[in-house]
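Each residue of the sequence shown is one higher than the last, beginning at 191 in my numbering.
Heads up, some of the hints might be wrong.
Claimed, not checked - In silico DSS-like pairs for lysine-lysine, Cα to Cα no more than 30 Å straight-line: (1) K735 / K775; (2) K743 / K775; (3) K609 / K402; (4) K771 / K749; (5) K521 / K761; (6) K761 / K743; (7) K770 / K609; (8) K609 / K626; (9) K727 / K775; (10) K749 / K720; (11) K770 / K729; (12) K775 / K761; (13) K606 / K681; (14) K402 / K606; (15) K770 / K735; (16) K681 / K727; (17) K743 / K720; (18) K521 / K606; (19) K609 / K720; (20) K606 / K735; (21) K743 / K727; (22) K681 / K761; (23) K580 / K626; (24) K580 / K519; (25) K580 / K334; (26) K606 / K580.
Claimed, not checked - The following label-pair restraints were derived from C-beta to C-beta distances: (27) E611 / S482: 57 to 63 Å; (28) N637 / W405: 32 to 38 Å; (29) E546 / N760: 54 to 60 Å; (30) G777 / K580: 20 to 26 Å.
Derived by calculation from the structure, the hints in this document are not laboratory data.
Owing to the predicted nature of the structure, the values given are computational and were not obtained by experimental measurement.
Quick reminder that beta carbons are idealized off the backbone N, C-alpha and C, glycines included.
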Amino acid sequence: MNEHLVIGLAAIIFFGVTAQFVAWRLKLPSILLLLISGFVLGPISGVLSPDEQFGEFLFPAISFAVAIILFEGGLSLKIRELKVTSGVVRMLISVGIVTTFILSLVISKFALDIPWTLALLLGAILTVTGPTVVLPMLMLIRPKGQIGSILKWEGILNDPIGALFAVLVFEAVVSASLGQATTLILSGFMITIFVGGLMGLAAGMLVATSLKHHWVPEFLSNAFTLAIVITLFAVSNVIQHESGLFSVTIMGIYLGNQRLVSIRNIVGFKEDLRVLLLSSLFIVLAARLQFSDLQQIHMGSIVLLIMLIVVVRPAAVWLSSINSNLSWKEKLFLSSMAPRGIVAAAVISLFAVRLESMGVEHSEVLAPNMFLIIVGTILIYGLAARPLSKALHLSDDNPQGCVILGSNILSIALSKALKAEGLSTTIIDARWANIKEARMEGLNTVNANVLSEAVQEKVSFTGMGKFLALTPNLELNSLACIRFSDIFGLKEVYQLGEPEDKDKPAQWIPDDLSGQALFGPNITYNELIKRMHHGAKVKRTPLTKDFSYEDYKAQNEGKDPILLCIVSENKSLVFVTVNKKIQPKPGQVIISLIDS
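Hey, can you work out the whole structure from these sequences and the hints?
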């Protein structure tokens, strides 16, 4: 066994996951820490030498990893979102790409002083923005309204289209005259769209049909889907050169929007796989750099980076959003989000190796300058986007609103109390008779089955950060919490529990199959509703320096108050749970159930 290779693989996984964790704790773009880790493992320490350790396996492995990442990104694209943003997205992946290509081509030619052929190639690669960076940033920023959907669609569609464009330009540059190059690019692009789209749809239908009819056992569903993705990528590339990325993206979009079968397990599996692949890829590609490559970076490189940020991206966004309904604030925010990611790094690395082997002059400048652009755009966009979104009032990075399942006397009273504190709520119930009373109280409601696919189309999640299941049906509460944990995370889904006795704990449903038990032991739906029917009220009590929590308890002695939640001055909302006790402080507002 090659111990050096084993150590290298272990270092990639360990530092990749560690960088993701540290980035999450510090609320920084994880890609920055991954690139730093790769540079430390590679040229600085020598622990990792990808070209030497992985040899010819390196770039095929990178290609497969990028294909899986794009497939996972396609799963997250919802056609219903495109109905609102289709015009802008369509313009960004057409007019935006052309604008970026032309401006990047001209600027890189003069800034880097390279031949027109290399400038043409670099301009094509710079059209790729990349979901591998955009999606983690969106998770951190949580922009409001349609701009999050626009950026997600643009990033995921840009990757295969931009990569395909770059490959066609590369083939034209190295093998054809100008006239032949134009014909090659246009014909190759149309053939790839047709072949890739057709094969992607066919593969998606195959997976959906196989799972619906149980041709594949459940324990093999994730492995089966992964095998189809990899096979589709390889076969599509054989049939039409470099059509694989487009094929797997179309397959992901189809599976993410079909209604034949649930793909929850597939989505969860691919999200976990994406984290590992992204971490590994960025570390490996950064480790390929050498200190000698840094000599290719000069003042012209900095000029190119700055021009991409302050000229190229704004021009592409504003030209693409003409006659759209976007406000100037939304256009400004879109102009501040165009980081380059793993596809750009992988494609430029592959092209640089091939060009250098062909003896093309100045080809050695491509990879170092692209990595400067990747690091620079991630650093600038990553650090500036969050403060900018807050300044433009487009950020929703700490939502405290509640989606509440069940329209009843308890949920209505709690919603009114939260609304009085300036917090948003939406009540979901399948019965119109239940919903009607909440609507008469002026509350936001959705009349839908919480377990249906359509409910996510009807609920606006802007400003929402928590989910509460407040129905008398424990199983429904648990299923709903599982469903909404994908949106809010396990820490922010809550449900009413079961009473304690010596044979049955407070939550007899396993913790991983339910939300956090609300309000404390033995506090059940029936107990709360019974007390409210006997006159108990949900009340708000502000605490001050002159009226402490101890004073509150003394004032309500004998009324058996149940502390439900507290709201801080910054509108942070914390619910009381079985496993989480709260000590309210001055400046906070107590919301509790108190007997009259």
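A quick look at each hint next to the structure:
With a C-alpha separation of about 9 Å, the suggested pair K735 and K775 falls inside the 30 Å cut-off, and the hint holds. At roughly 13 Å between alpha-carbon atoms, K743 and K775 fall within 30 Å of each other, so this suggested pair holds. Between K609 and K402 the CA atoms are separated by roughly 43 Å; this puts the pair beyond 30 Å, and the hint is violated. Distance check on the hinted pair: K771 and K749 sit about 20 Å apart at the alpha-carbon level, within 30 Å; holds.
Between K521 and K761 the CA atoms are separated by roughly 29 Å; this keeps the pair inside 30 Å, and the hint holds. A threshold of 30 Å between alpha carbons decides the hint, and for K761 with K743 the separation of about 23 Å falls inside it, so the pair holds. In summary, the hint linking K770 to K609 is supported, as the alpha carbons are separated by about 24 Å, within the 30 Å threshold. Proximity of K609 to K626 is assessed by CA-CA distance (about 18 Å); at most 30 Å being required, the pair is judged to hold.
With a C-alpha separation of about 22 Å, the suggested pair K727 and K775 falls inside the 30 Å cut-off, and the hint holds. A hinted pair counts as satisfied when its Cα atoms are at most 30 Å apart, and K749 with K720 qualifies at roughly 15 Å. For the hint pairing K770 with K729, the CA-to-CA distance comes to about 21 Å; that is within 30 Å, so the pair holds. With a CA separation close to 14 Å, the supplied pair K775 and K761 stays within the 30 Å bound.
Using a Cα cut-off of 30 Å, the hinted pair K606 and K681 holds, with the two alpha carbons roughly 24 Å apart. As the CA atoms of K402 and K606 are separated by approximately 43 Å, the hinted pair breaks the 30 Å bound. Restraint check: the Cα-Cα separation between K770 and K735 comes to about 24 Å, which is no more than 30 Å; the hinted pair holds. Note on K681 and K727: the hinted pairing holds, with a Cα-Cα distance of about 27 Å set against a maximum of 30 Å.
For the hint linking K743 to K720, the alpha-carbon distance of about 22 Å falls within 30 Å, and the restraint holds. For a cut-off of 30 Å, the pair hint linking K521 to K606 is broken: about 36 Å separates their Cα positions. Only pairs whose Cα atoms come within 30 Å are accepted, and K609 paired with K720 is accepted, the gap being roughly 24 Å. Using a Cα cut-off of 30 Å, the hinted pair K606 and K735 holds, with the two alpha carbons roughly 26 Å apart.
Of the supplied pair hints, the one linking K743 and K727 holds, its CA atoms being roughly 16 Å apart against a limit of 30 Å. For the proposed pair K681 and K761, the alpha carbon gap of about 18 Å is at most 30 Å, so the pair holds. Straight-line distance between C-alpha atoms of K580 and K626 comes to about 36 Å, which puts the hinted pair past the 30 Å bound. With a C-alpha separation of about 11 Å, the suggested pairing of K580 with K519 holds against the 30 Å cut-off.
For the suggested pair K580 and K334, the alpha carbons sit about 10 Å apart, so the restraint of at most 30 Å is met. Under the criterion of a C-alpha separation no larger than 30 Å, the hint pairing K606 with K580 is consistent with the structure, at around 27 Å. The hinted range of 57 to 63 Å is satisfied by E611 and S482, whose Cβ atoms lie roughly 60 Å apart. Checked against the given bound of 32 to 38 Å, the beta carbons of N637 and W405, roughly 37 Å apart, stay inside it.
In this structure the supplied range 54 to 60 Å holds for E546 paired with N760, their Cβ-Cβ distance being about 55 Å. Separated by about 23 Å at the C-beta atoms, G777 and K580 satisfy the suggested range of 20 to 26 Å.
When held up to the earlier numbered hints, the structure conflicts with 3, 14, 18 and 23 and fits the remainder.
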